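Taken in order, these protein sequences are the chains called G and V.
The numbering used here numbers the first residue of the first sequence as 1 and each following residue consecutively.
The numbering used here numbers the first residue of the second sequence as 1 and each following residue consecutively.
Do not take every clue at face value.
Note: identical chains are not told apart, hence a pair may lie in one copy or across any two.
Within a straight-line C-alpha distance of at most 25 Å, the following computed DMTMM-like cross-link-like pairs (lysine to aspartate or glutamate) qualify [to be verified]:
1. K64 <-> D128
2. K250 <-> D137
3. K250 <-> D54
4. K259 <-> D236
It should be emphasised that the hints constitute simulated quantities derived from the structure, not laboratory data.
Since we're looking at a predicted model, the values are computed, not measured.
There are 2 protein chains.
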Amino acid sequence: MELIGERINGMFKDVREAILNRDPEPIKRHAVLQSQGGARYIDVNTGPTVSAEDQPGVMEWLVKLAQEASPLPCCLDSTNPDAIEAGLKVHRGKAMINSTTADQWKMDVYLPMAAKYNAAIIGLAMNDKGVPKDANDRLALAMEIVANADAHGIPMPDLYIDPLVLPVNVAQEHVPEVLETLRQVKLLASPAPRTVVGLSNVSQRCPNRPLLNRTFLVMAQACGLDAAIADVEDGDLVDAAATAHILLNKEIYCDSYLKTFRQR
Amino acid sequence: MELIGERINGMFKDVREAILNRDPEPIKRHAVLQSQGGARYIDVNTGPTVSAEDQPGVMEWLVKLAQEASPLPCCLDSTNPDAIEAGLKVHRGKAMINSTTADQWKMDVYLPMAAKYNAAIIGLAMNDKGVPKDANDRLALAMEIVANADAHGIPMPDLYIDPLVLPVNVAQEHVPEVLETLRQVKLLASPAPRTVVGLSNVSQRCPNRPLLNRTFLVMAQACGLDAAIADVEDGDLVDAAATAHILLNKEIYCDSYLKTFRQR
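Extracted from the complex, chain G is given alone in its bound form:
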């Protein structure tokens, strides 16, 4: 189970202020906390308030800071291809691109970029018509991404299909479809692509957010989830992920497995 720490995102107030003031400390602190918390990647997102022309520079600054403060690779999170590429240029090690959709023009931009920089890439099971409701329709879009990624020579273990979980309070009927999609994505290719979710989406504007997040996470793990963009500074969430990982026999049980999971 690979956790991708979500906290370096301009959507959060402290990070937005750090970006506006070019204050490195909050960025470095979140990189360290998430690294110690059990993250395998640090997601970096400039957030919605940075102008399009400033995004490449801010992305570069965030990636450098996150990698100064932690040994982890980054998950470059932007809808702006220039920002993604600016991040890739300064990134050390194997980055992850977050994300392409199944729209042809986006795949034609991001998949060659992933191939050029030997980066992993997240493929969202949606297109310009939106997010399908049924597992089958999500899988059809996932298959388009799988086929295009393969055509660009991207190894399947570098492709992370995200079936897109929506908030349970407005799209409850989607949640079991997401779980079914996770199960079936593994049948689309051999070796199979990996799977990822943007976990915190499931609980947007709900009470009990941490409970919803960690419960959905381990249910998704039981259905084959490989990775999640999540709040790795939430210790209960990481404990739940580590416990599901052990129960699925992905790592040998030891009494101190919670500590081991964080130290991998």
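With chain G held as given, fit chain V onto it using these hints.
Only chain V this time, still in chain G's reference frame:
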């Protein structure tokens, strides 16, 4: 999701002492707490220290007390058929028998009893050779129970197949097999039998027992689990079960779903 409260069991010290002293108060207190906590059944088990000849009388006493203190039906838990039948005779409403194995002599005792008293019954996917390691072997034993139950006219929704989860620290490789068994049991008949686990087994002699229990519970729910014998007095466990139930779209989401789950 049906939770079966495990606490009225002579294995626990307070209940053992209550049985020895014929003190009704601890029994009634656990019946009330479990009923308020969200249980749908109250498991009653005389425990290992009551002699075989005393077990029917103690079972009768426990069932009467539990049903005086709560409106719930009981899950009659014993390896002694006389104790089970003594409980059935005084039980009000639809009881559950816990349990038969796939051994023919046991099925020949307990299945006619379930039919006679119109009780639900738990069928353990094991026989006198022990608990199989693989999902397929568990399913073969489950199928024997399904066929025998059907021959006795027991409706499939009254049969709860228990794939038998073992402690993760000694039988870790069994855990994913249990999850796979839960998925496939639903294919054995139409309508399908239900599924149940004795949840606390998964964490025997482990640290972090509540965390292991609630994590395994929601993973099993994601694989189709219908019921669990569990510590319903553990509020975090019930919260997790209620949350998984909502995420599976088994009941309409509302912001107060945790309260609603306990009040059903």
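Evaluation of the provided hints:
1. K64 <-> D128: neither (33 Å within a copy, 63 Å between copies)
2. K250 <-> D137: between (30 Å within a copy, 22 Å between copies)
3. K250 <-> D54: neither (42 Å within a copy, 46 Å between copies)
4. K259 <-> D236: both (13 Å within a copy, 22 Å between copies)
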